[in-house]
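Trainee: The lines below spell out each chain.
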Amino acid sequence: MNARRLQVDPIACTAHGVCAELLPELIDLDEWGYPVLPATAVPRRLTAAAARAVAGCPALALRLSAVPAGVARSTDP
Amino acid sequence: MIDLHPASVARLLSAPPEQGTSLAAHRAHFGPLPPPGEAGLIDPVTRSGLRGRGGAGFPTGRKIAAVAAQPTSRRPVVVANGCEGEPVSGKDHVLLELAPHLVLDGALAVATALGADEVLLCLHRGDPIVPSVRAATAERQEGRTVRVVEVPRRYAASEESALVNFINTGMARPTAKPPRPFERGVGGHPTMIANVETLAHVALIARYGPDWFRAAGTADSPGTTLVTVGGAVAYPGVLEVALGVPLGAVLEMAGGLTGPAQALLVGGVGGGWLPADRALGVRLEHAELRAAGAALGVGTIFAMPAGVCGVTETARVASYLAGESARQCGPCMFGLPAVAGDLWALSNAAEDPATIVPRLRRRLGLLPGRGACGHPDGFARFVRGALDTFADDFGNHAYGRPCPGGGRPWLPLPTAGDPTPAGWQ
Amino acid sequence: MIGHALWYSSRATGLVSLVLLSATVVLGALNSGRLSSPGWPRFAVAAVHRNFSLIALVFLVVHVATAVIDPYAGIGWLDAVLPFGSVYRPFWLGFGAVAGDLLIAIIATSLLRQRLGVRLWRLVHRASYACWPIAVLHGLGTGTNDRHTTWVIALDVACVLAVTAAIAWRLLAVHPDTEVRRGGRVTS
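Residue numbers (the numbering used here), protein chains in the order written: chain R, 14 to 90; chain F, 1068 to 1492; chain A, 2 to 189.
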């Protein structure tokens, strides 16, 4: 199974904070209530919880992506 | 009006201004735009190493190739970005005033290479050069649509996805990526967006080839570039210089400093401050400026004289950038005003600096990469550079000691825009 | 006897559905207004809201089934989803069908939210503010004797008060994110 990373659509995110409630091991909230996501891949044991966090976001702003974000950035014009 | 300096290297700005800017005069000086040869356009542009002149410095050839490689039957669209959102930059204006047809040559050459039917030239609404640019585009309706689009005058309105968003929906605010404009842009078509100066260089590469282009500049940053030199120099204005020359040499070309300089603002508010003693030897090219803590950006070099307060100027710029947040992403719309507030608090000795500084630095760490566009990243880079460059001044302010500037504003910044969504339409 | 049992069952489950639906709307409004406490995190409020809506649906199905099976009023299966065509009190019964249809649409789009996207989900979910009052009116209009029964009226009043209070709170509770997006001042 591919490594999965948590990513957030920063425009859709309106600081509900449900993701941090459901996945406190990986997601913290900054002082304004917005999620600070880990740069590393989601550990296998937390994948189910991460999927629940993605489903629980009231704005559907959180997603689990299969491709590591670092690769996408370097080749993008 | 910003003047062109006589000591410029003459490539983009080589046409004598007294002959006018009509298409006929343009062709008389530069010759007609040649049709693409066997190698096309993308290959020579890639080999030239030309990097975008809109601030990001991304290799232009790769960008055009990425648009060309999109797996779709939709014809690409070409967008020429002449908005010049950086408040202290004037180079795009000078270029559009003196050589609009060189820009249009480049845009049309790229359109031919991509099979694009439409070329859009973006300018800020109410810009004085709009009429002359419209007149120039009217002379170039040669088999495809070339039109001028007037965009709201906001700092981030000329960000690539913001331009596309404005053309598509009327809101000049950046959008979340993916998709990027090269994949899906104007009307869902793959879109090639380039700064007007970049396109002007493309027009010359189409005529003289990549080796000629590389004859100036460095391996990392080839060619010439337009720079806006201002502040405490004898002859402020726009110059064309070869990349790789030391900043001190550029200042000399502008007549030299008129007095002792504290710092140089390089790359505009999207770049950063460099302490003057260190800055003069730094070369005008992407890698070196990044390593020094600034950025080439859109090539502005402003010399800050004595008698100006770095703390006040940093706080002013921070407030300006915070006001220019498109207010779409939490960390930007809350974080930038928070940091600006911290900077003013340091400036006014309002709180114990031992409380403010760690809080400020923590907040700066929460900005990069957490917005839909690079605005918070540029902001954080700018403020971090300022804290280092003006460390002594920040210390003085924090402990209530007198400062050289007396709180008088120096850098010319626009007035605050409308914070509601209507201010981006 | 059976007839009476079915009819009373329909009335009873109808009332229970209304109470559960009211509780669902209250919890939805509180969640939308971002109410949370250490003991009641957002995901808990959301989960209870969801569960109440599903239990309400179950009671609604029994309410409809008992009404249709009971031969007394001549209500057909189709009348449960196609409004205003029934023999028995077509207008007020029709309201029930409308409310039921909306509820099914709301629940279905919520269960498929991740596939449908936020915009469509939000659009349909706003229909809750229509669904609930229509359900209340259905109850008041269709119930002949219940209209005059004190405790039924009291129950209805309690539901209306609770939902009104919750919606009023929701409208007043504006989050800083909403305010700043509109262009309001950022207070740090």
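If you're looking for bench data, these hints aren't it; they were derived computationally from the structure.
None of these values were measured; they are calculated from a predicted model.
Take the hints with a grain of salt, since some may be wrong.
To be verified - To be clear about the criterion: a stretch of chain R counts as covered by chain F if any three or more of its residues have a C-beta under 8 Å from a C-beta of chain F, and this derived list gives those stretches: (1) 45–55; (2) 60–67.
Stated by the list, open to error - Here are a few chain A residues that face chain R, going by a calculated C-beta distance under 8 Å: (3) R35; (4) P42; (5) R43; (6) F44; (7) A47; (8) Q115; (9) G118; (10) V119; (11) D178.
We treat Cβ as the ideally placed atom computed from N, Cα and C, and that holds for glycine.
Trainee: Does each hint hold? Answer for all of them.
Mentor: Against the structure, the hints come out as follows:
1. Under a criterion of three residues with beta carbons nearer than 8 Å to beta carbons of chain F, the stated coverage of the segment 45–55 of chain R is upheld, 4 such residues being counted.
2. A stretch counts as covered by a chain when three or more of its residues have a beta carbon under 8 Å from one of that chain; for the segment 60–67 of chain R and chain F the count is 0, and the coverage is violated.
3. A least Cβ separation of about 7 Å between R35 of chain A and chain R falls short of the 8 Å threshold, and the interface hint therefore holds.
4. A least Cβ separation of about 5 Å between P42 of chain A and chain R falls short of the 8 Å threshold, and the interface hint therefore holds.
5. The interface hint given for R43 of chain A is met, as the beta carbon of that residue sits about 5 Å from the closest beta carbon of chain R, less than 8 Å.
6. For F44 of chain A, the interface hint holds, since its Cβ comes within 8 Å of a Cβ in chain R; the closest pair sits about 5 Å apart.
7. For A47 of chain A, the interface hint holds, since its Cβ comes within 8 Å of a Cβ in chain R; the closest pair sits about 7 Å apart.
8. At its closest, the beta carbon of Q115 of chain A sits 6 Å from a beta carbon of chain R; the interface hint therefore holds under the 8 Å criterion.
9. For the restraint placing G118 of chain A at the interface with chain R, the shortest Cβ-Cβ distance is roughly 7 Å, inside the 8 Å limit, so the hint holds.
10. Hint status for V119 of chain A relative to chain R: holds, with the closest Cβ pair at about 5 Å, below 8 Å.
11. Taking 8 Å as the C-beta cut-off, the interface hint given for D178 of chain A holds, the closest approach to chain R being about 5 Å.
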